Amino acid sequence: METIKKICEGNVRAASRLIRDLEDKLPHARPRLRQLFKHTGKSFIIGITGSPGAGKSTLTDALIAELRKLSKTVGVLAVDPTSPFTGGAILGDRVRMLRHAEDEGVFIRSLATRGALGGLSQAAGDAIHVMEAMGKDVIIVETVGIGQQEIDIINHAHSVIVVMVPGMGDEIQSMKAGILEIADVFAINKADRAGAKQLHTELASLLNSAPQSAGAWRPPIVMIENLYEPLTFVEQTAELAQKVAEHYAYLQESGQLDKRTERRAMMQINDALRACIMEPVIDNLTASGELQYLAEKIKNREIDPYSVAEEISKRFLKSGGINDIDKK
Amino acid sequence: MPDRKIRVMVAKPGLDGHDRGARILARCFRDAGFEVIYTGCHQTPEQIAAAAIQEDVDLVGLSCLSGAHRLLFPRVVELLRKKDASDITVIGGGIIPEADFTMLYEAGIKAIFTPGATLDSIVEWIRNNIKTHD
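Those protein sequences? They're chains A and B, same order as listed. The first sequence maps to residues 181 to 508 in my numbering. The second sequence maps to residues 23 to 156 in my numbering.
Worth flagging that the hints you see were computed from the coordinates, not collected in a lab. One should not assume that every hint holds.
[Unchecked claim] Think about it this way: if two alpha-carbon atoms lie no more than 27 Å apart in a straight line, the pair counts; the simulated DSS-like pairs of lysine-lysine are:
id, chain 1, residue 1, chain 2, residue 2
1, B, Lys105, A, Lys205
2, A, Lys185, A, Lys252
3, B, Lys27, B, Lys104
4, A, Lys477, A, Lys498
5, A, Lys186, A, Lys222
6, A, Lys218, A, Lys205
7, A, Lys186, B, Lys153
8, A, Lys222, A, Lys423
9, A, Lys439, A, Lys222
10, A, Lys185, A, Lys205
11, A, Lys479, A, Lys494
12, A, Lys252, B, Lys105
13, A, Lys423, A, Lys439
14, A, Lys205, A, Lys222
15, A, Lys494, A, Lys205
16, B, Lys27, A, Lys186
17, A, Lys205, B, Lys27
18, A, Lys252, A, Lys222
19, A, Lys186, B, Lys105
20, B, Lys132, B, Lys27
21, A, Lys186, B, Lys104
22, A, Lys185, A, Lys218
23, B, Lys27, B, Lys105
24, B, Lys153, B, Lys104
25, A, Lys185, B, Lys104
26, B, Lys153, B, Lys27
27, B, Lys105, A, Lys185
28, A, Lys477, A, Lys494
29, B, Lys153, A, Lys205
Every value quoted in this text rests on a predicted model; they were computed, and no experiment measured them.
Bound conformation, chain A alone (with noise of 0.2 Å):
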């Protein structure tokens, strides 16, 4: 199919309104991934992720241009927050690299989260298969400003950079749990201001405390000082594409990509049943009513939500119902 083809040999008009059909749910776009997805699996992805405002679109901007200099094609997917309220968003991350902007070997496409909690957007994931379709040889993945619990990128790239500031003191003992867990690079962002040192030490020392196995990968710290000394900022901006370099060799070499592109499969499966079950079945209840006269039903006790979704489950999947699949 035309569109396909485009994609395949790399058009961007093609490929971002690929995206934009997903974020919007138009229903020729999932049989369009369906034939993508013999495409797929090729890139290597990151994802980048810390809280607002620590340099996640900065250090993603240096990271493509030291990704250039290897020739490598770059897909990046920036995502910021939509507001509850309205809807709306701004989506801002490409003021920070705008000098990629006319590049060809790179395709900057922002996304909006859309009620997604974890950090990403619910197209997220069909978004990087369109890229890697695209054949991009990295994609960069940037998530929303995140607290603590917003993790949702493990189980799409293959290694994460968590990126810290200092001067958030105390925090990183309530971070144990969470976003720290799931970094395979640190960076140190604004290296230059006070208490980057004592961050790495406690960075380090947390490191430590994990327990070590042989061989294992134990993620490296790298501090990056301020803008206003770019040699400095480009040398150790290239020295965490080094470091992510690395771990994607570690995976390799370990056969951790293995189990990471599994992780990365079950949540394709998951989210695949969500959109191909859930959403229909939501959409069904609503566009007949349904589902505001169950809320009215639960809201005055009549029933019970849970009698509620088995007797829906039992209505829609033929086997006859969740309970049934559980006796097989």
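The hints should help you fit chain B onto chain A, whose structure is shown.
Just chain B, lined up with the frame of chain A:
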């Protein structure tokens, strides 16, 4: 058929650092429920056209207060046309003398908003002129 989310880009071409208006508009579009790609100041028409295509926006809003609109606005339209993206609507705003309106309309700028235009009128124009169904 589900409604499409309207995607717009707000950009300032050329050597003009006065982005107050552009920022207010970006914010206003967000509140209207649009997805807004904000790309800031000092951009070349080439950068703007490339970004508009990568982001698959419905509309590009150009803001220019420096007087260079006669050169810069038509250039963006022309670049989009060359890249097979003439379906992307381009509108403009800023300090633009009425004498230039005809020239800009003929170059393919679909609407021009100057000081005094209300935020609501701009949002309404977009809602009326961008189709949200395929």
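Now for the hints, and whether the structure bears them out:
no., hint, verdict
1, B/Lys105 / A/Lys205, "holds (26 Å)"
2, A/Lys185 / A/Lys252, "holds (22 Å)"
3, B/Lys27 / B/Lys104, "holds (26 Å)"
4, A/Lys477 / A/Lys498, "holds (26 Å)"
5, A/Lys186 / A/Lys222, "holds (18 Å)"
6, A/Lys218 / A/Lys205, "holds (21 Å)"
7, A/Lys186 / B/Lys153, "holds (25 Å)"
8, A/Lys222 / A/Lys423, "holds (20 Å)"
9, A/Lys439 / A/Lys222, "holds (15 Å)"
10, A/Lys185 / A/Lys205, "holds (21 Å)"
11, A/Lys479 / A/Lys494, "holds (22 Å)"
12, A/Lys252 / B/Lys105, "holds (24 Å)"
13, A/Lys423 / A/Lys439, "holds (20 Å)"
14, A/Lys205 / A/Lys222, "holds (26 Å)"
15, A/Lys494 / A/Lys205, "holds (26 Å)"
16, B/Lys27 / A/Lys186, "holds (24 Å)"
17, A/Lys205 / B/Lys27, "holds (10 Å)"
18, A/Lys252 / A/Lys222, "holds (13 Å)"
19, A/Lys186 / B/Lys105, "holds (14 Å)"
20, B/Lys132 / B/Lys27, "holds (20 Å)"
21, A/Lys186 / B/Lys104, "holds (17 Å)"
22, A/Lys185 / A/Lys218, "holds (13 Å)"
23, B/Lys27 / B/Lys105, "holds (23 Å)"
24, B/Lys153 / B/Lys104, "holds (23 Å)"
25, A/Lys185 / B/Lys104, "holds (21 Å)"
26, B/Lys153 / B/Lys27, "holds (10 Å)"
27, B/Lys105 / A/Lys185, "holds (18 Å)"
28, A/Lys477 / A/Lys494, "holds (19 Å)"
29, B/Lys153 / A/Lys205, "holds (16 Å)"
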